[in-house]
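Trainee: Each chain is listed here by its residues.
Number of protein chains: 2
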Amino acid sequence: MGVTLAGIYDQVGDAWREPVNAPNGGYTQVSVDGVALSALESDVRSHRQTLHFREARFERETVFAVNGKTLTLKSERFLSARTPHLGVIRFSVGCDHAADVVIRTGIDANIWDLNGPHLREIAGDSRDGVLLVQGVTHEQRKRVLVAEVAAPAAGEGADGAVRSEEEIVQEGGRMLRVVMLRAEPGKTYTFEKYFAVFTDNDRTGVPLVKAAIETVQEARAAGYEGCRRAHHDAWAARWRRCDVKIDGDDEAQHALRYSILQLLMVAPVEGSANSIPARALSGQVYKGAVFWDTEMFMYPFFLHTYPEKAVELLRYRIRTLEGARRKARMEGPGYRGAFYAWESQETGDDACSYFNIGDPITGRELRTHFRDKQVHISGDVAIALWRYFEVTGDDTLLREGGAEVILECARFYYSYAHFKQDRGRYEILDVIGPDEYHERVNNNAFTNAVVRETFAIANAVVAHFERKHPAELKALLEKLAIADELPCFADAAERLYVPAPDEKTGVIEQFDGYWKLRDATVEELKAKMVHPNEYLGAGQGLAVPTKLIKQADVVMMLNLFGSRYSADVKKANWHYYEPRTEHGSSLSACAYAIVATECGELDAAYRYFLKTAKIDLEGKYKIYVGTTFIGGTHPAANGGAWMTAVFGFGGLRVEEDGIRIEPRLPENWRRLEFGLEHRGDRFRIRLAREAVEIAAAEENRNEHAFFVRGEKVRCAAGKRVLVEFAIDDPSVRSK
Amino acid sequence: MGVTLAGIYDQVGDAWREPVNAPNGGYTQVSVDGVALSALESDVRSHRQTLHFREARFERETVFAVNGKTLTLKSERFLSARTPHLGVIRFSVGCDHAADVVIRTGIDANIWDLNGPHLREIAGDSRDGVLLVQGVTHEQRKRVLVAEVAAPAAGEGADGAVRSEEEIVQEGGRMLRVVMLRAEPGKTYTFEKYFAVFTDNDRTGVPLVKAAIETVQEARAAGYEGCRRAHHDAWAARWRRCDVKIDGDDEAQHALRYSILQLLMVAPVEGSANSIPARALSGQVYKGAVFWDTEMFMYPFFLHTYPEKAVELLRYRIRTLEGARRKARMEGPGYRGAFYAWESQETGDDACSYFNIGDPITGRELRTHFRDKQVHISGDVAIALWRYFEVTGDDTLLREGGAEVILECARFYYSYAHFKQDRGRYEILDVIGPDEYHERVNNNAFTNAVVRETFAIANAVVAHFERKHPAELKALLEKLAIADELPCFADAAERLYVPAPDEKTGVIEQFDGYWKLRDATVEELKAKMVHPNEYLGAGQGLAVPTKLIKQADVVMMLNLFGSRYSADVKKANWHYYEPRTEHGSSLSACAYAIVATECGELDAAYRYFLKTAKIDLEGKYKIYVGTTFIGGTHPAANGGAWMTAVFGFGGLRVEEDGIRIEPRLPENWRRLEFGLEHRGDRFRIRLAREAVEIAAAEENRNEHAFFVRGEKVRCAAGKRVLVEFAIDDPSVRSK
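Here the protein sequences line up with chains Y and X, keeping their order. The first sequence stops at residue 735 when you use this note's numbering, and every number in between is there. The second sequence stops at residue 735 when you use this note's numbering, and every number in between is there.
Honestly, the hints are just simulated from the structure, not real lab data.
Chain copies aren't distinguished; within one or between two, either way the pair holds.
Dumping the calculated EDC-like pairs for lysine to aspartate or glutamate here, alpha-carbon to alpha-carbon at most 20 angstroms: (1) K420 to E494; (2) K187 to D96; (3) K420 to D491; (4) K142 to D202; (5) K516 to E365; (6) K516 to D349; (7) K420 to E331; (8) K516 to D14; (9) K571 to E662; (10) K74 to D96; (11) K712 to E656; (12) K516 to E331; (13) K187 to D100; (14) K622 to E582.
From a predicted model like this one, the values you see are computed outputs, not experimental measurements.
Sequences and hints are given; from them, build the entire structure.
Mentor: Here it is in structure tokens:
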């Protein structure tokens, strides 16, 4: 069991900086008649494991054969949704013959790290039966502390069989309690175990040791069932807000709920101002770094169902603004404002290296430009911040640093932009767009659109503050000494070039010169590979001189700025780029899925939806880029699955004047139901083939406008609105 | 013997377009007692070959042992400097025993080509004893025709020994005359042979066959000695103008004269409007293409000693303007004007491919940006054109297309440039400077300086025409529809950014971000090589992330714009960049040599001078870049040797108000003497350690101003001026 921590990072030597793994408070080792059991090495007769979506609880049952005896080991565990630092485990052992069983359970500090070990000065201790292990990180000397308590459960045979007093031992980096029992045939011996993890990042108000001991002692007092009930209730509340129900398609339902479960599990604890790394907390891969994945793929789910979590994601960016400023200055020359990190850790400095991919052919590190040229990241952050205000109507975040972030992002872009005198337009040169196989391109449509939007948002922020918070605006402009630059932002919002659809074909050129590249299929390039993990981009990769793209790029733009492009343009671009896309990123399929729903390609949309939603269930993704391992979970794809269901098939679009719903369900979906939070009020939306029902929560404060297939309806607190329609004849009834 | 033609190119299939080799009119095969002789395969007892610099005549003597007999074969040959199409050969054979000798001499159409064969429809013929072979190129069906005539020389034993009438045979792509003779011991049998090569490019006024036959028949009538005398006289006239004498250093003298000989041999025939390829006519390497090498390294020699040849080089660029316009349109988007080809052939279209270097590690073609990003080439052309006017005072070339070229080059640069609003300056982005190991850089100092100069020259051209040829200017501006753009050029000449010397160190950053690269030595990179020929540049080459540069770049700029930078700045940059330069190009050493003379580094200057001047004598240069063979002669280095002698050690600088001379001779040079042509008048300049003598030709039309070590003197026709100086006390006397 790896316990990868959120928001605490460490670097050892010259290796990559990465998140720290805590000592394993869930450690348990069972021996039977002197033989240690191992699911990997012992004679395992059966093994079953279950993840309960409803309450994020993991169960496992393994049957071992040892010396002619059959031993059954069961465990269930969860990380408490009610008590953030707490992990709860119940495990049991039973044998068909009498046997001597030794259980060694406690905390294991022998942690495997990609680039570790990260903890030193490891110290073990025990106080009043609570085991403690702590260590400090190399780089910043941050303390990581784990407390644990475990005991036989009340009930059948639990105590009687224990042959010795529990003994506490410290051995080889482990603090363990050793329990010996004589198991009687057919009886089950159950134990409960509680552990808590705290770090110096946790502002507990009391000493860490005290907080950790209290956490496990309180949990023990509540007992396993007590803890589980609280956990279950917390999850029930989450699901009430966030669940999406699909009638008629169990496969899609299962995959989508799995995706939502993942997102809810890794959502930052409220008040932490943490964000979600690209591989979530599934390990140390990708340096535990936060990418644009969060704002563009995960954030919409939270924004529309669970804005408290969206707030944390945004606060993380506000909190790391200084790192983004440092990065702009460092990447220069002449860059100003905020250039957010491509791979962001706790300070906002960039964890991405200039040589980020190993070449398996030469063994050399390849120069990539993810770090210095993938400039759309700043705009992605600005758009997410502004979108929060648009959707929630709440400008608190803007006032608490969001406006500053936006102005600094616009400032960065102005310092990055060039003006083309003979064409009377600003251009954004030398970037990488979403498609990372084509580095250092000019006028990437996606990037330019994001940059122009950032300037427009900066202007809108200033206008909003002028109206609502003039004094704060004045103070902010003075603090940033930016008043003189505002006319530049206005000019750039007006004159920044965004590649337009071709007049004849409607297709948008991904970047200057893309049309000139040669066509190539994935199969053709694969046939030329010298090494199976060879990277297709980075200057001389096989895809670089071709039209083959790694992931949705123009199509991602059509997705992000969906209301600005006609269905015809979407269709033209979808059909042009789809056969030219490798989907070498987990961010790609959902973009194609969503746009496909808008241009009548429902079968393709459904295919891409399943690909996105099942990515971690099926494990069909690249696990190596060059020499770099990139396996783990894919929370952006999880977010993409939700977006495809709700924005795509549901046709939900939240706009200034109301909420648009354009259902376009796959043929086998009888009904789609999802929760929506909008401007502090909540709804359940149910879509069927010929009707849409909107149910407003009793507690809602306002009536809201909806446009169902273009028909405007209003829905007040506690009301349900049903819009029924024959194919082209919607009729509206209120209940 | 390869006869690589100037100005005629062909492409076969998908292989590189390259110059055409003519059928070999010098073909001779000698057999003794039925055994064919070969310098490569026979038993060669001695072999001696001599190149006579004075008249560009090649001599060879080979002694063979065959069946116990010793046979001596001598030949001498030259390409007539008087009669452009004519080759003249005299060969003789002698044996120490009686022997049956068969001589097969004629024209061989079995030509080895890099990417051929280029001639098809090969046809042989003979008329009145003249052999003829012709063929047509694949691509453009251009005819290439060779005529030959050969006969025993008058004199001892020549005729008597001939046992049979000469027989003309056609066999396997050869037209041959077969001569059998019974050689008597100790006698020498001499033959004379004349061949002529014509192509459809030659505007002879008569049918090609007639022209060719007449050429060889006239030569035969004049006889070997007659032809040689004419050739010799033509060369004597060349040397009178162009020779550089070095007293006290035979090694330098020899290498420098060899360099000048090479330049004079490959100089375009007057009226041809041809230029000189990077490997001259030594073969088909580098596609027989003309690079910036010509304008920046070879042209100054001709401009200052033999302007008629300089005219041809410039006319070549005027003639290929349309190709440069096509290239601008093609490379787009939005490029206008003239973007000269990086590798230019007869049409001015670019022979450089986007994948110009093979990677020996993967066997793939590497994407290089020589073609699309090495934009300084247009400015190099514009500077050369304007320089011609500055030095000669003759604006004919400007009026005959030169002004149009310059305006179109400025127009191209304006369409390429971007304006940085927040810095109030134009920038030139995404280029390759002279240092090709760093592709796609921004604000390369050399390139930006060349571009700014081009705008300034465009403005100066307009001003000159306004004053002198207003009607022509009006017509030109109308033809180009460019009048509206002139204020843009003026603005760009004013506000284009050229990186300045660092205020503290005086060093100029080669391009944006160069300072951030890591330092590396050539040795360090070589130790990392996986393949000995692997290319160090092109995106992922070993030099790319380092400060190691291929060749002079900033130092080349200091050389080109020498009068704009102080000696201190030159010194600082020379010392900074010199240890960071691989000299992986033959263009590098001379730039370091010249600047070294200006900053007191005479020993280093001398070392680099010898390296440049001896490059083809020693053969110490790369012959492979990646998988591409790049061997051949190095006329740019030859030009660089002349520049180092005259501009460097001689300190010659031709400026608006007069000719500056600042001698700084290497210690072992007692005297340096060179010819100079200036504004149509000629001089011999003699520099000694403590005196400078300027001798004006009798025919000169004007008196000219000279500044010798800052002291102004004037020199009228037929006069000699001697400026003597003690170390710091020059005194001036006129004779």
